[in-house]
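Participant: If you're matching them up, the sequences are chains A and B in order. Take 1 as the starting number for the first sequence in the numbering used here and just add one per residue. Take 1 as the starting number for the second sequence in the numbering used here and just add one per residue.
One thing to keep in mind: the hints can contain errors.
[Unchecked claim] Straight line, CA to CA, 30 Å or less: simulated DSBU-like cross-link-like pairs of lysine-lysine: (1) A:K208 x A:K185; (2) B:K265 x A:K185; (3) B:K265 x A:K397; (4) A:K303 x A:K284; (5) B:K265 x A:K188; (6) B:K18 x B:K357; (7) B:K18 x A:K315; (8) A:K312 x B:K265; (9) A:K303 x B:K220; (10) A:K312 x B:K227; (11) A:K151 x A:K53.
To be clear, the hints were calculated from the coordinates, so they are not data collected in a lab.
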Amino acid sequence: MDFTLTPEQEALRAEVRAWLTANIPDEWVNQIVGRADVPRAEAYDFMRAWQRKLYDAGFIGLTWPKEYGGRGLTFMEELIVQEEMALAKAPPILNILGVGMAGPTIIAYGTEAQKSRYVSKILSCEEIWCQGYSEPNAGSDLASLQMRAVKDGECWVISGQKVWTSLAHVADRMMLLARTDPDAKRHKGITYFLLDMHLPGVTVKPLKQLTGDAEFNEVFLDNVRVHESEVLGGVNNGWAVGLTTLMYERLALGFGLQVRLRIALDGVVDLARRMEKDGRVITKDRIMRQKIAQLWIETEALKYTGARGITKLLKGEMPGPEASSGKMIWVDTHQRMQELAMEIEGPYSQLTRGSDWAVEGGLWQYTFLRSRANSVEGGTTEIQKNIIGERVLGLPKD
Amino acid sequence: MNFGFSEEQELLRATARKFFENECPSTFVRARMEEPGGVTDEFWTKLAEQGWLGLVYPEEVGGTGLGFVDLVVLMEEMGRASMPGPFFSTVLLGGLTILEAGSTAQRKEWLARIASGQAKVALALTEPSARWDAAGVTATAREEGGGFVLSGTKLFVLDAHIAEAIVVAMRTRESGRPEDGVSLFLVPRDARGLEARLLPTMDQTRKLCEVKLGDVRVGKDALVGTKDGAWPAIDRVIQRATVALCAEMCGGAQKVLDMTTDYAKIRIAFGRPIGAYQGVKHKAADMLVEVENAKSLTYYAAWAVDENSPEAPLAVSMAKAYVSDAFRRAAGNGIQLHGGIGFTWEHDLHLYFKRAKGSEFTFGDATYHRERVAQLISL
Ligand SMILES: Cc1cc2nc3c(=O)[nH]c(=O)nc-3n(C[C@H](O)[C@H](O)[C@H](O)COP(=O)(O)OP(=O)(O)OC[C@H]3O[C@@H](n4cnc5c(N)ncnc54)[C@H](O)[C@@H]3O)c2cc1C
């Protein structure tokens with residue numbers, strides 16, 4: 001057991017830290033955080049510019065191969081960068097699904113042409129990706145998806161509907177799962193496509209979320225012609241490729257979300273120092289101290305359980321179904337943290353963006369509402385528990 | 001960075017698991033529960049032969065010179081076996097206190113004998129007030145005739161009744177700061193005026209005593225460490241012993257999870273193994289997640305203690321807070337998922353359930369440690 005870093009890693013840490021201090025934009029602190037009523041389009045522009053800046057400085061895609069815009073480093077370097085971002089309260093990037101899922105999956109399964117065509121543009125945020133898995137009748141039971149792809153010459157002709165597709169309204173590409181062999185067993189007849197969202201026949205209809213924002217969408221495909229070179233990982237092999245994406249998703253969650261959790265926790269502590277309850281600063285309330293300390297401990301636990309996973313990765317083992325437990329704990333901890341922020345604000349928790357009495361411009365009201373989705377998106381908590389029970393503990397299928 | 005165990009440590013784990021499976025099956029544990037001693041000479045000698053009684057003591061005093069990360073591996077296996085006996089009290093309380101606070105001569109005299117299995121030494125710290133902080137030490141030692149006279153009552157003292165000697169924490173001076181004025185004395189158990197009385201305990205694998213000191217006279221040479229200034233050493237002992245206890249609890253929790261998943265695969269209800277039902281499966285998944293987190297925090301605390309990291313006090317309190325809750329819940333859920341058989345004396349689950357309860361309140365429960373965390377993060 002050894003938490004010391006190599007001199008190169010220490011140097012990287014110092015480099016990122018200095019860079020972040022110099023480069024985190026003021027408007028992030030003053031406008032995006034401070035005023036949650038910034039229109040989403042503006043926030044997207046901001047996040048796009050920020051990601052570009054990270055890319056130019058080489059602080060994104062550290063583990064990706066050099067020839068595709070990455071730096072060919074290990075997960076350790078990635079972790080160092082992520083930790084520094086947490087400490088500096090760095091803004092989020094825009095192309096989160098591209099960087100977290102599409103990129104690693106294309107690197108794993110792509111042809112040479114696909115890799116050089118797509119990968120670096122994901123990092124630089126030139127092309128935004130979305131994930132087209134869920135359908136109206138296929139969510140948890142993803143293998144029952146009905147989006148249909150029929151071969152016609154060199155093209156696949158694809159029709160059907162996706163739903164809950166995050167960022168589809170700004171995306172250039174989609175990781176798309178469609179059924180290519182309706183006669184095969186459920187899992188066998190699915191193919192993974194790299195879809196150009198600008199093709200004729202693709203229609204995106206934003207759906208308003210309970211936060212009031214429209215960040216996920218319905219996506220309709222009406223006889224969209226997709227060239228066969230856009231199949232990733234082979235025809236009818238989409239289930240395996242798609243699972244890889246999900247595995248990376250959960251791994252990315254382990255990294256990135258742990259960082260977000262830390263930032264949120266620091267925010268909760270700040271809030272508790274400033275707000276009062278019954279005439280006393282919240283941090284002096286015995287019960288509230290217990291609750292904050294508990295979340296602190298759980299956030300640290302997640303970090304160290306993550307570090308054990310990374311150690312396995314560094315030794316060359318693949319991320320296993322244990323990644324499901326990381327996602328599940330993250331969700332649970334984050335949701336309780338958001339609840340605690342509301343409890344700290346007390347009656348003020350009712351006031352949202354637009355009110356000059358709202359705490360921090362209504363930021364926590366938004367993050368609290370948004371956190372309800374955490375236990376649904378990326379596989380529900382119930383499904384994660386099934387995975388842990390069956391694939392980690394070896395319990396029989398239900 | 002490497003947050004995993006070395007090959008040697010994995011080997012230690014494998015050796016220990018095999019050893020306890022052979023030497024400490026539940027029949028052995030149950031036999032010891034019925035006896036006041038809680039250990040056999042034969043078993044104690046075998047632990048010594050493995051080098052485990054001196055695992056964390058330096059080589060120059062007869063130990064193996066390993067660290068707390070190594071110890072954690074061993075403790076997990078002891079917890080898995082629900083091992084009875086005075087290992088904890090002798091090696092990690094009495095012995096560790098002598099190591100931390102004792103003179104070179106005292107270390108030489110006692111640690112080699114502890115490591116070789118010849119001596120058992122207890123630590124009498126807590127009192128009827130059940131406090132783990134310095135203010136809890138109120139039993140007094142007053143100077144008289146070139147020595148000291150000790151009086152007061154110590155409670156929750158592990159294995160005092162079978163120890164050759166007891167290290168007692170006494171107040172030698174009243175001052176504004178409770179941390180000032182605490183001293184340690186090494187007292188033979190057969191000293192005049194000392195009475196160690198075994199108390200019936202819920203967890204019968206842990207033997208707790210009341211120790212009454214009725215004007216016990218000791219010489220100056222009984223002092224362990226400096227007069228009035230023993231608290232920092234005691235604090236370090238508590239910190240280290242807490243890490244070891246957390247590891248033991250993790251081992252117990254893992255064992256409960258293993259028993260429960262094994263059972264859920266074979267017990268049939270409504271025509272299917274109960275593990276197929278989500279009410280069972282999801283509880284088991286929750287247990288796994290908590291047990292893994294408990295281990296992560298414990299391993300980190302062990303590392304921090306080994307490195308003398310400034311974060312060690314925080315790491316230890318985080319671990320104890322989390323592990324206390326996790327083991328209690330795992331043991332409770334384990335019983336629930338076993339149904340009626342889980343409530344029987346015959347089934348081993350209650351050994352872990354009771355151990356979890358006892359350990360929860362040893363060195364402070366989750367509430368106590370969360371408050372410490374709050375202080376350490378400057379809330
Ligand atoms: C904010 C947000 C963003 C999203 N973004 C995307 C995206 O970008 N791309 C994408 O493809 N999808 C996206 N999703 C969709 C998400 O993956 C699905 O909502 C999720 O997988 C659940 O599917 P469902 O909505 O059909 O619910 P259902 O599958 O109908 O589930 C309903 C309830 O039943 C439970 N349930 C279902 N099956 C079982 C079972 N076997 N055992 C126990 N309980 C069960 C579920 O846990 C849930 O509580 C997003 C969702 C949200 C909320």
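Participant: Each hint: holds or not?
Facilitator: The hints, checked one at a time:
Note on A:K208 and A:K185: the hinted pairing is violated, with a Cα-Cα distance of about 35 Å set against a maximum of 30 Å. Only pairs whose Cα atoms come within 30 Å are accepted, and B:K265 paired with A:K185 is accepted, the gap being roughly 28 Å. For the given pair, B:K265 sits about 10 Å from A:K397 by alpha-carbon distance, which is consistent with the 30 Å threshold. Using a Cα cut-off of 30 Å, the hinted pair A:K303 and A:K284 holds, with the two alpha carbons roughly 27 Å apart.
The suggested pairing of B:K265 with A:K188 holds, with an alpha-carbon distance near 29 Å, which does not exceed 30 Å. In summary, the hint linking B:K18 to B:K357 is supported, as the alpha carbons are separated by about 27 Å, within the 30 Å threshold. Annotation: proposed proximity of B:K18 to A:K315 holds, straight-line Cα distance about 26 Å (limit 30 Å). Of the supplied pair hints, the one linking A:K312 and B:K265 holds, its CA atoms being roughly 28 Å apart against a limit of 30 Å.
Restraint check: the Cα-Cα separation between A:K303 and B:K220 comes to about 49 Å, which exceeds 30 Å; the hinted pair is violated. Note on A:K312 and B:K227: the hinted pairing is violated, with a Cα-Cα distance of about 49 Å set against a maximum of 30 Å. For the suggested pair A:K151 and A:K53, the alpha carbons sit about 41 Å apart, so the restraint of at most 30 Å is broken.
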